[in-house]
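S.K.: Below, each chain spelled out in residue letters.
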Amino acid sequence: MFLLEPKYLFTILLLATIIIITFATQSYSKSTVNFYVAGRSFGWVMNGSAIAGDYLSAATFLGLAGLTFAFGYDGIFYTFCFSAGLTLLTVFVAGPLRRFGAYTVPDFLAQRFHSKRARLIAVIVVLAISGFYAAPQILGAAAILTMFFGASYKVGVIFTVTVMVFYVGVGGMKGTTINQALEIWIRFGAFIILFAIAISAGHSYGKVLDTLVSFKGAIPDTAAIAAGGKAVMHNGATWEWPGGYLFKTLPSTISILFGLIFGTLGLPHILLRFYTNPSAKEARYSGLFAIGIASTFFILALYLGTVGRAVFVDGGLTATVAKNFTTGGVNMVIPTLAEALGGKWLLGIVVAGAFAAVFSNLSGLFIASTGALGHDVYSHFINTNATEKQKVSAARWSTVICGVLYGILGLMVQTASIGHLVGLAFNVAASTFAPIFVLGIWWRGMTEKGAVAGMLVGLLSSCYFIFLPQLVPAAMRFPVPGLWTVPLGFLAVYVVSKMDGMVPADVNDFMKKIHSKEA
Amino acid sequence: MSGKTINYKDLPPLDISVTNRMSKEIKVCLWLFVIYAFYLFIVPILTFQSPELMKIRVWGGMSLTWFMTAIGAMIMAFVIAAIHVYCYTKDFFITEITPEKTTKGAGM
Chain A
1 MFLLEPKYLF
11 TILLLATIII
21 ITFATQSYSK
31 STVNFYVAGR
41 SFGWVMNGSA
51 IAGDYLSAAT
61 FLGLAGLTFA
71 FGYDGIFYTF
81 CFSAGLTLLT
91 VFVAGPLRRF
101 GAYTVPDFLA
111 QRFHSKRARL
121 IAVIVVLAIS
131 GFYAAPQILG
141 AAAILTMFFG
151 ASYKVGVIFT
161 VTVMVFYVGV
171 GGMKGTTINQ
181 ALEIWIRFGA
191 FIILFAIAIS
201 AGHSYGKVLD
211 TLVSFKGAIP
221 DTAAIAAGGK
231 AVMHNGATWE
241 WPGGYLFKTL
251 PSTISILFGL
261 IFGTLGLPHI
271 LLRFYTNPSA
281 KEARYSGLFA
291 IGIASTFFIL
301 ALYLGTVGRA
311 VFVDGGLTAT
321 VAKNFTTGGV
331 NMVIPTLAEA
341 LGGKWLLGIV
351 VAGAFAAVFS
361 NLSGLFIAST
371 GALGHDVYSH
381 FINTNATEKQ
391 KVSAARWSTV
401 ICGVLYGILG
411 LMVQTASIGH
421 LVGLAFNVAA
431 STFAPIFVLG
441 IWWRGMTEKG
451 AVAGMLVGLL
461 SSCYFIFLPQ
471 LVPAAMRFPV
481 PGLWTVPLGF
491 LAVYVVSKMD
501 GMVPADVNDF
511 MKKIHSKEA
Chain B
1 MSGKTINYKD
11 LPPLDISVTN
21 RMSKEIKVCL
31 WLFVIYAFYL
41 FIVPILTFQS
51 PELMKIRVWG
61 GMSLTWFMTA
71 IGAMIMAFVI
81 AAIHVYCYTK
91 DFFITEITPE
101 KTTKGAGM
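One line per chain: the protein sequences are A and B, in this order.
First residue of the first sequence: 1, per my numbering; consecutive thereafter.
First residue of the second sequence: 1, per my numbering; consecutive thereafter.
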């Protein structure tokens with residue numbers, strides 16, 4: 001019976017666990033404080049796991065190993081940049097943000113400046129970042145369903161979105177957090193098992209890199225599989241060194257660094273996780289715990305991407321594995337490597353881990369977007385006298401709206417690279433919310449007009465560089481345009497605030513609230 | 001909280017204990033950021049500008065740049081955050097309040 005095949009078995013087990021947790025926590029999502037921030041009840045282990053679960057998405061589980069597999073050093077440089085973000089977030093933002101205490105990211109701006117305009121623009125930015133981020137996650141899940149379960153891409157998208165709407169709409173933040181915390185350990189376990197099997201098979205890091213660096217030429221068995229009948233080529237010297245594929249110059253390398261390290265400071269689904277801790281101290285510990293998990297995870301992802309390339313280059317693979325390595329693009333390296341090293345049981349574990357990665361991250365994005373629509377738009381613009389029941393109902397309907405929107409986006413990115421798309425989401429966040437949070441927390445002189453200008457300049461400049469590269473001079477055209485858009489965002493906030501000069505009259509109370517020592 | 005605004009120049013000084021705490025915390029944050037940023041930027045700069053140095057094999061087939069990018073950066077991320085959390089939990093940011101100190105223009 002096909003359901004007893006490991007990939008079906010582990011996926012069904014994961015889905016059953018999600019359903020049980022979601023229903024078990026359903027009763028906790030009947031008030032807004034419980035739906036959006038789980039009653040601010042999570043300690044650092046649970047919330048740290050959930051932050052890591054939110055952060056280590058399909059882009060990490062599938063995308064980063066895939067980028068390493070395909071682009072070598074240029075691929076690992078993505079991870080280098082991703083690894084810095086959580087640290088800066090913990091150092092500059094986590095504690096004060098928790099002391100402020102709110103439901104959503106736009107809440108911070110609205111209450112800092114008492115401005116409906118700032119709230120509305122923040123909602124647009126949240127939806128833009130979440131859209132950029134959600135599309136590649138849905139792509140990841142749909143690609144697995146297509147490659148390993150025989151579903152069409154469209155069915156894969158619909159399935160993923162349906163699971164998410166149920167997961168977030170019914171369970172709220174409580175169910176989402178517990179699911180996320182569980183899911184990070186599922187995929188961590190999958191990586192550890194894969195790592196142990198790779199090491200025991202003799203794939204030490206040094207040996208693997210030696211193989212890859214010394215190889216130059218056509219990869220065996222790929223000519224018959226690749227489109228056009230041309231064998232896939234590997235040049236060790238190019239693969240191991242920067243500039244071979246993506247980052248041709250030092251400025252383009254620095255540009256992605258800017259975009260990704262500041263990006264985490266502005267990711268709405270990560271920022272709002274700090275609202276769920278009971279105190280600022282717990283928020284900082286949560287951040288540190290998440291960094292510990294993430295750092296280990298990143299090291300493993302890069303190692304496994306490298307091993308995947310070495311196994312591919314060595315040849316002698318089964319027909320299915322060779323086909324998946326050759327045609328699976330940059331996103332399916334981890335499941336294919338699992339199949340190559342451990343057969344169908346390891347593939348089953350890794351597929352469940354990949355779904356866990358997608359669901360965990362997508363649920364965080366759904367919560368952030370649902371909050372933006374249900375809390376910030378409905379409760380503050382559409383029905384300002386809404387009852388508690390109406391607010392929770394609005395939150396649930398917002399989940400459905402987000403599902404439809406993100407499903408459509410997922411259908412539009414079928415052939416894109418997960419890791420790169422997430423890089424673009426980071427760039428938008430780095431250019432919009434990062435300046436707002438860093439300056440809003442540490443500088444009394446920031447004004448409402450400065451905040452609005454910063455978000456608009458950051459968003460529009462990011463969209464310009466990403467969607468209209470043909471209008472950008474060649475020397476300024478980078479895969480991730482952070483070198484231009486991030487300083488523009490910070491500058492816009494600073495210059496407009498200086499010119500405006502009118503700060504909220506109660507800004508001292510605000511600063512006292514977020515910077516005082518906790519009782 | 002009211003929705004009124006005030007010119008930044010006319011803003012009353014911030015409470016001295018908050019000012020002290022903020023300035024001490026931001027100093028620590030900025031120092032950690034400078035050290036971390038130095039590491040983050042020196043890796044690509046040296047890789048492009050001093051390839052001979054960064055191509056040195058440090059572990060098996062791993063070059064110095066590969067090691068600093070794929071392993072060193074992750075260790076660095078945790079160490080910097082751990083130092084900050086340590087300072088925070090040891091109340092490192094609390095300073096004695098000296099009432100005679102002026103706080104004009106404080107709070108950055």
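Honestly, I wouldn't trust all of these hints.
Using 30 Å as the maximum straight-line C-alpha spacing, the simulated DSSO-like pairs for lysine-lysine come out as follows [stated by the list, open to error]:
hint : chain 1 : residue 1 : chain 2 : residue 2
1    : B       : K4        : A       : K449
2    : B       : K90       : A       : K513
3    : B       : K24       : A       : K498
4    : B       : K4        : B       : K55
5    : A       : K230      : A       : K207
6    : A       : K512      : B       : K55
7    : A       : K344      : A       : K323
8    : A       : K281      : B       : K27
9    : A       : K323      : A       : K116
What the hints contain is simulated information worked out from the structure, not anything from laboratory work.
None of the values given here were measured: they were computed from a predicted structure.
S.K.: State for each hint whether it applies.
M.R.: Hint by hint, here is what the structure shows:
Taking the CA atoms of K4 of chain B and K449 of chain A, the gap is about 14 Å. The hint holds against a cut of 30 Å. Proximity of K90 of chain B to K513 of chain A is assessed by CA-CA distance (about 20 Å); at most 30 Å being required, the pair is judged to hold. A C-alpha spacing of about 24 Å is found between K24 of chain B and K498 of chain A, which places the hinted pair at or below 30 Å, so the restraint holds. Of the supplied pair hints, the one linking K4 of chain B and K55 of chain B is violated, its CA atoms being roughly 59 Å apart against a limit of 30 Å.
A C-alpha spacing of about 28 Å is found between K230 of chain A and K207 of chain A, which places the hinted pair at or below 30 Å, so the restraint holds. In summary, the hint linking K512 of chain A to K55 of chain B is not supported, as the alpha carbons are separated by about 50 Å, beyond the 30 Å threshold. Proximity of K344 of chain A to K323 of chain A is assessed by CA-CA distance (about 16 Å); at most 30 Å being required, the pair is judged to hold. Distance restraint check for K281 of chain A and K27 of chain B: the Cα-Cα separation of roughly 19 Å lies within the 30 Å cut-off, and the hinted pair is therefore satisfied.
About 54 Å separates the Cα atoms of K323 of chain A and K116 of chain A, which puts this hinted pair outside 30 Å; it is violated.
Hint compliance for this structure: hints 4, 6, 9 are broken, all remaining hints hold.
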